[in-house]
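J.: Below, each chain spelled out in residue letters.
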Amino acid sequence: MFYIKTKKQYLIRLALLAMPLAGLTSCEKDFLEAIPETSISDANAFDTPDRIETLVNGLYLSAKSGTFLGGRYQIYNDIRAEEFINRSPNNVTGYDIWQHTSNSNNTYLSNMWTQGYLTINRVNLFLDGLEKNKEKIDSELYAQYQAEAKFIRALSYFSLVQIFATPYTQDNGASPGLPLRLQPETSSANNGLARSSVAKVYEQILKDLNEAEAGLPDTQGSALLNTTRAHKNSAIALKTRVNLVKGDYAGVITEGNKIVSATAPFTAPTGVKHALQADITSVFKAPYTTAESIFSVPMAATNAPGTQNQLGYYFNAGNLEYYLNPNEPGIYADPQWAAEDDRKTKLTANYDGIGRHLTKFSGVSPYTDFVPIIRYAEVLLNLAEAEARVGDQGRSLALLEAVHHRSDADYDFGDLSQQELIDAILTERRIELIAEGFRANDIVRTGQPIRSQGAGTDIAPTDPRYIFPIPVSEVNNNPDL
Amino acid sequence: MRKLLLMSFVMVLALLQQAYAQSRTVTGTVTDQGTSQGLPGVAVIVKGTTVGTTTGADGTYSITVPEGGNTLVFRFIGYQNLEKTIGNASVVNAALATDDKMLSEVIVTGYATQTREEFTGAAATVGGDVIKDRPVQSFAQALTGRAAGVNIVQPNGLLNNPPVIRIRGINSISLSSFPLVVVDGIPISTDDASANSATNNPLGDINPSDIESIDILKDAASSSIYGSRAANGVLLITTKRGKQGKAKVTYDGWVSSNSAVRLPELLNAQQYIDHKNGAIANALKLNPKAVPASQLGEGNKSFFPNYNADGSMVDTDWYDEVYRTALSHNHSLTVSGGTDKTSYYFSAGFTDQEGFLKANDFERRSGRFNLSHQATDWMKLSANVNYNNTLNNAPNSGSAPGAAFNSSGLGRIAVAMSPNLAPRRADGSYNINPERNNTIDNGNNLIPTSWANPLPLIDLDKNSSETSRIIANLAADLTLAKGLTFRSSYSWDRGNTENIQFWNPYQGDGWNYNGYAYNNNAKRNNWNLVNTLQFQKSINDLHNFTVLVGSDVQKTRVENWGAVRQDLSDPFFTQFQGQFGINVAGGNGITQRAYEAYLGSVNYNFGGRYFISANYRRDGNSALAPEKRWGDFGGASVGWTISEEEFFKNSSVADIVTNFRLKGSWGRVGNGNLPSAYGAYTTYGAGLYGEASALSFSQAGNNELQWETSNQTNIGLDLGVLNNRISFEANYYHNDIDNLILYAPQAPSKGIPGNEILINVGSMYNKGFEFAINAVPVDNGNFTWSTNLNLTLNKNEVTSLANNNAPIIGSTGGLESANITTVGESVGSIYVVRTAGVNPDNGRRIFINKAGEEVQYLHHSGWTYLDGRPAKAVSSADAQVYGSSLPKWYGGFSNTLKYGNFDMNLMFTYSGGNYIYNGSQAGLRDQRVWNNSTDVLRAWTTPGQQTDIPLAVWGDNVSNGSSFPIDANVQKGDFLRLQTATLGYRLPNLFGNSGISSVRVYAQVDNAFLITKYKGVDPEISTNGNSNTAPGVERNTIPQGRAFTFGVNVGF
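If you're matching them up, the sequences are chains U and C in order.
Residue numbering for the first sequence follows our numbering, beginning at 1 and increasing consecutively.
Residue numbering for the second sequence follows our numbering, beginning at 1 and increasing consecutively.
Simulated from the structure, these hints should not be mistaken for lab results.
Just so you know, not all the hints are guaranteed correct.
Listing some non-contacts, in silico: residues in chain C with all C-beta distances to chain U over 12 Å [to be verified]:
hint: 1; residue: Gly127
hint: 2; residue: Asp541
hint: 3; residue: Val547
hint: 4; residue: Phe771
hint: 5; residue: Ser994
Computed from the model, here is a short list of chain C residues facing chain U with C-beta under 7 Å [said to hold, decoys possible]:
hint: 6; residue: Ala57
hint: 7; residue: Ile590
hint: 8; residue: Tyr678
hint: 9; residue: Thr683
hint: 10; residue: Gly685
hint: 11; residue: Pro777
hint: 12; residue: Val823
hint: 13; residue: Gly824
hint: 14; residue: His860
Glycine is no exception: its CB is placed at the ideal position from the N, C-alpha and C atoms.
With the hints as constraints, model all of the structure from the sequences given.
T.: Here is the structure:
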C-alpha cells in the first residue's frame, strides 16, 4: 500500500513536471524568428509595379531631405557671401558658414555630403534592382524609371561637386573631384575609392542627363507631377546649368534652344510648356506647380523639411536667422533692384528693429513651401548669359529683359557693352534667384572672390575657405581618398 | 538566498518534531541583543541530539533536555548562532546578536544558490539595508562604492536619469555595457523608457526598500550561466520574503531637501555689460563690420543696463529662476511573517520627490506581495506580484543623453542667459520679446540674445513619462526524489509607458510650431520561462555533487505608437487633446526579441576543501543572423580551501588565519544586447514624398552577424583573520572581448544609411585587480566599528577595430566630438586639439596643429604662426588623443560605528586616473552673447601679461573651444567624496503596550563634500549617459545636488 501511494505521488509529480516542459517544447520552431514588421526587406522591395514606383518616389525623397536639396544646400550657398547678415550666432543655423570658420568637422556639411551620397547609392541600388526585376513592369516605365533615377544621380553629383571640389572653370576640371560611386553598396566592403577628377564627374553628370533626357517622358501627366518628378525638359534644363557651370556656353545654347523659343515671349516649344508667370509671387504660392517650376521638391505638413532646415525659418519671420544686407555690396542696395520691383515690394518686408528680409518663402510652421530646384527664369538667365558670352547679344538682352520686366516693367537697361550685359545678367541672377541656392556657386564658377560679410573680408579663389573641405568622416574611412 | 535558508530551516524543524521526551525541563527567553525584544521562532536545540523546539511569540521556550545534554544551541536566521551551557540551571536566557555577515554567506548564482564557502567565482553581495533609506529614485544610485569592481555614476542631478553602471570596465563598444538586471528571476529592460526630456529609468520602478539583497556576478564562472546576457556582469535583485513568526510590521519614512551644488560663478550684470562691450571694441578694431551698425549704440557699445521699476539696475541671478531647494518624502509600509509552511511579505510604498531643477518631479506608488507556501512535503509554491506606477516630470534640462545642445535646455540657459535682462516685466508677465521672436525681451541690449526666457518653459511646457508596470512571478519547486528537485518559474513583466509632451506656443521649442504636442505610448510585454532540474548528492560527507540542467526562454515585444500635433488653434489648449491644425504620425514602431537557452552546470567539492565547477549554456538570440543565432558558452572554476586542510589546521598560523582559500575561473560569455533587434536585415523604410508614398533603402544589414564573445579569467584569494573578524578578498581579472559587434563606420560616399553597418570585428580587453577588506576593528559590546574598504584597478584597451582600424569618433549631442575609440587606447578616450596657452605678446590662444607646429588664432583676423606668417586653419582634424576618460582606480570606504543606541555610517567614494572633457567651460568662455564665467575677467589685455584666457574678441567661438574641443577644457577627474553620512539613534524601549517595538530616527547627508581639482560641476558626470564611445564629457548639464534627509524606521 505504502509502495503504491508513493508511486502515485511520483506520477503526480511527474505530471506536474511535464507541464512546463510541454510548454517549452510547444515553443514553435521559429521562436527565434523576429522579422522587421514596419520596414520592407530588400528581398521584397521590387515585388510589385506599385512598390517599384514608391521606390522611385523614395529616390526623390532622398534628394529632397532638408539636410540636402530640401533647404540647407540652398541656404548655405546663399549665406556664404554678401547678401545676408546673420542675426543669431548659432552654428546649427550656419553661423560658422556665414563667418567662414567652419571646418571638415562641420556636422551639417558632413550631413550634406552623406545625404548626397546616400541618394546616389539609392539610385545605384535601384538601377541594379530594376534591371533584375524589369519583367515586372512594361518597357516604357522601365525606361522612364531608369531615366528618373539617373536624373536624380546627376543632380546629386552636380550639387556636391560644386561645393566640395575646385570649380571646373579654374582648371578645366583637372583638380580632384569626388569619389565616383556607380555601383550599389550594401556591405562593409569597398570603403576605399579615390576621387575622380572634376572633369570625370561632370562627364558622368552629363552622361546621366543625356540618358535621362532620352528615357524621360514628355510629361508626367499632371501639374504636380510635372513639378515634382523629372520629365524630358527637366533634364534639358539642368543641362543648361551644368554646361554654364562648366563654362561650356555653346553647350548651354544647344540645350537651351531645346526648351526656349527663339524670340519672346519665351516658352518651351515641346514637352511641358514652360513659361514665366506674369506675377512672380504666384511661383512661390500654393500649389507651387506653375509651368515656371521645372523641378521643385514638394513639402507637406506630413513631410516637412525638418527642424532648422526650412528656408522660411532662415530668411523669413520663421526665425529670421538671416536678413538682407541693406548696404553695398549686398544685392539689396544694387540699383538694378529698384524700389518698385515686385521682387522688392512683394517678396521682401521690413522687420521692426531688424530690417529688410525675404518673404519669398513662408515664415510659418510647418514650412510647406515647395523648394524650387529649377525654374524657367533660371533657364532663361542661363541662356542669356551664354548668348551674351558667345552668341547673340540681342537675344541675350531680350532674355534678360523677359525676366526683369516681369517684375519691374519700366526698368531700362540702356545700352550695354558685352561685359556690362554679362554683369547685368549676373546681377539679375542675384535678384531673381536669391535664397534659391545660387549665390556661392555663381561666384566660384566665375572665379570672383567671396565678399563675405561674416568673415569681414574677401575670400579669394586661392583661399582654402573658398570651397568646403571634404568631411572628416570621409577622410577617416576612405583610405584611397 | 533567504528561500534556501528558510527551506533548510523548515527541514530542521521537521527533524525536531521527531524528538522524543526525556527527563529535565529547561525554560528561558530568547531576545535580540540590540533591542532586547523577545524573538519568536528561534530554534533551540540540545547540542549533540536531535532534541529541539522553537520559541513562542514572546521569545520564551521550554525544552525537555535528555540525559547527558548540557549545551543549548540557539539558531535564528539573520542572527549569529549561540551556544549556552546548561549546567544545573533550569532557566537559560539567550540574547542573540544580529549577523551582518549572514547576507554574504549565500550567493545567488543565476539559477541556484551557493554558500560562500562553495562559491569559486567572483561576486559581491550588497544588502538592502544600505539602500532603503537613501533619497534616491532607483536602488542603483545607492550602490555607488559598495562593491569592488562595480563603478556607478549618476549622469547628473536630473531625477531618475538612468545611471551608468560598469562592472569591471567598459565591455563593449556598440552594444550596451550595462549589466543584465534580473529581478526575482526575470531579466528586465533597463533602457530609458521616455520619449521626451523627462528621463524614465526602468530601475526606478522597483521600490528600493523592497530589496533584500543585490548579488553582483562579475566573472564568467558565476555569470556564464546567463551566457549571452552576461558579458557586462549581472545584477541579481532579490526582493524581501516573510520570516517565520508572527506578523512583523515596519514603517520607514524620510523627508529630504535637495539643492544644486558647485554651480559655476558667473558675471553679474555690470560685469557682463562691461565685458561684452570690451569684446566688441576689440572686434571692431579688427573688422569694422564685426558688428552691424544697427547693433551699435552710443560709444560703439551694444550692451546697456536695464532698470527695474524702482530704478535699480536689473541684475538677474538666473540660477534662482531655474533651480530651487527641493523637498521630497518617502513612505514604505511592510507587513511580513509566516508559519512553518507559509511566508508572506506585503509592502506599499509611496515616494514623491522634487528635483532641484524646477518642474522636475518623480513619484512612485508601488505595492508588492511575495508569498511562498510549502503545499506538500514535496511541493513548494511561490509567487511575487509587484505593481507600480512611476511618474517622471521634467522640463527640457538639456541633461538627458543626446540633449546637450538643446537650445531650450535649462542647464544651459541658466548659465548663458544675459544677467542684465529681467525674467518678468513690472506687471508680472513673462519678459519675452514683443516681436514675433523666440527669445527673451532684449531690453536695451542691441545685440539679441538667442535664448528663450526659461520661465514659460518651466511653467507652461510639459514633459512626462509615466510607467504602469506589473512584474509577477510564479514558481513551483518539486522534490522528485531525495536530492532531486525540479523548479519551474514563469515571470511576466508587463509595462505601459505613456510619454506626454506639450510645448507652449509663446517661447522655446514650441514657438516655431505655434504649439506642439507629442504623445507616445509604449506597451512592453516581456515573459520568461525557466525550468531547472537539480540533483544534489553527498557521499560520506566527503564527495558533494550538485548537477543542474535547465532551459530558459524569453520573449520581449515592444509596441510604440503616437502622434505629433502642431499649430494650436487657440492658446487655451495646453494638451495633446486640444485642437491643432497639423497632425503627423510620430513615435511608431514594433520591436521583438526572443532568447532561447539550454544550460547545465556541475559543482563538486571534496570535503569542503577542493571545489570544481563547470557550466555550459547554448544560447539562441533572434537579433543575430538566422544562420548564426546559436552560440555555445561556458565556464569552469576551481577552488582550494587551504584552511580546511589538516596540515593548515595543525599549524600555528591557523590560530590567526581562520579562512584561506585560492580560486580560479575561466569562461566564455556572449554579449547579445544588440542595439537593433533586426541588424541582420537589409531593409527599405516607408515615407512620403510630398503626399506620395515612398520607399527608401534604410538599413544595410549583415547576414553574418554573430555573437560577440568575451573570454574571462579570474584568479582570487580569500583570507579570513582572527575568527574572520577581518576578511580580505582579492581578485585579478582579465576579460578578452573578441568579435566585437561594432557599428563599423563606413565611408559616407558609399551611401550606407547612417554610414554604419553592424559587423563582428574588433577586439579589446579589460584587466585589473579588485580588493575588498571587511573588518570589525572594535567590538567591545557597547561600541562597535565595522568597516569596508574596496578598491578596483582597471585598464581598458582597444586592440583592433573595423575598416583597417578606422577610429570611431564619439559625439556629444550630435554637435561636438571630444571622444575617440582607437586601437591602443581605452574606449572613448578624450580627443581634443592641443594648445599651448595664451601668447603673452598678443593675447592669442596658441594651438598645436597635427604637424606639431604652434599656430595662433585671432578672431576676425585668422590663423598665423607665432612669427606672423599666415597658417592653415586649425580644426578638429588636428585633434589628438589626450587620455583615458575611464577611471583607472575607484572604490568605496564605508564605516559603521555603533555606540549604545547610536549608529553612524560614513560612506566615502573615490575614483580617478581619468580625464574629463569639460565642454561646459567652453560655453562659459564663449565670446558671443552668452554670459560668461568669472574666468573671463582674467582675459588678456596688455602685452607681456601671463594668463590662461585669451584676448576677448566679440563673436570668438574658436579661442576657448566652442568651435572644436581643445585641451584647455580637459581636466583630471580624481575625487574623494563623502557620499553619505548618517547618524541614527534607536529610541529606548519606552513604548509600553503601544505595540511599537522599535523606533530609530536618523539624519543623513548625501554628497556631503567633494574634494577634487575638477573645475566643472561634478567629476561624476555623464552628459552622454550610458554611451560607450562618448564617456567622460560634461556639456551644458545641470549639476549634482546635495541632500539632507531625516528619517524614521518603526517596527511594530
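J.: Checked against the structure, which of the hints given earlier come out wrong?
T.: Of the numbered hints given earlier, those the structure breaks are 6, 11, 12 and 13, listed in rising order.
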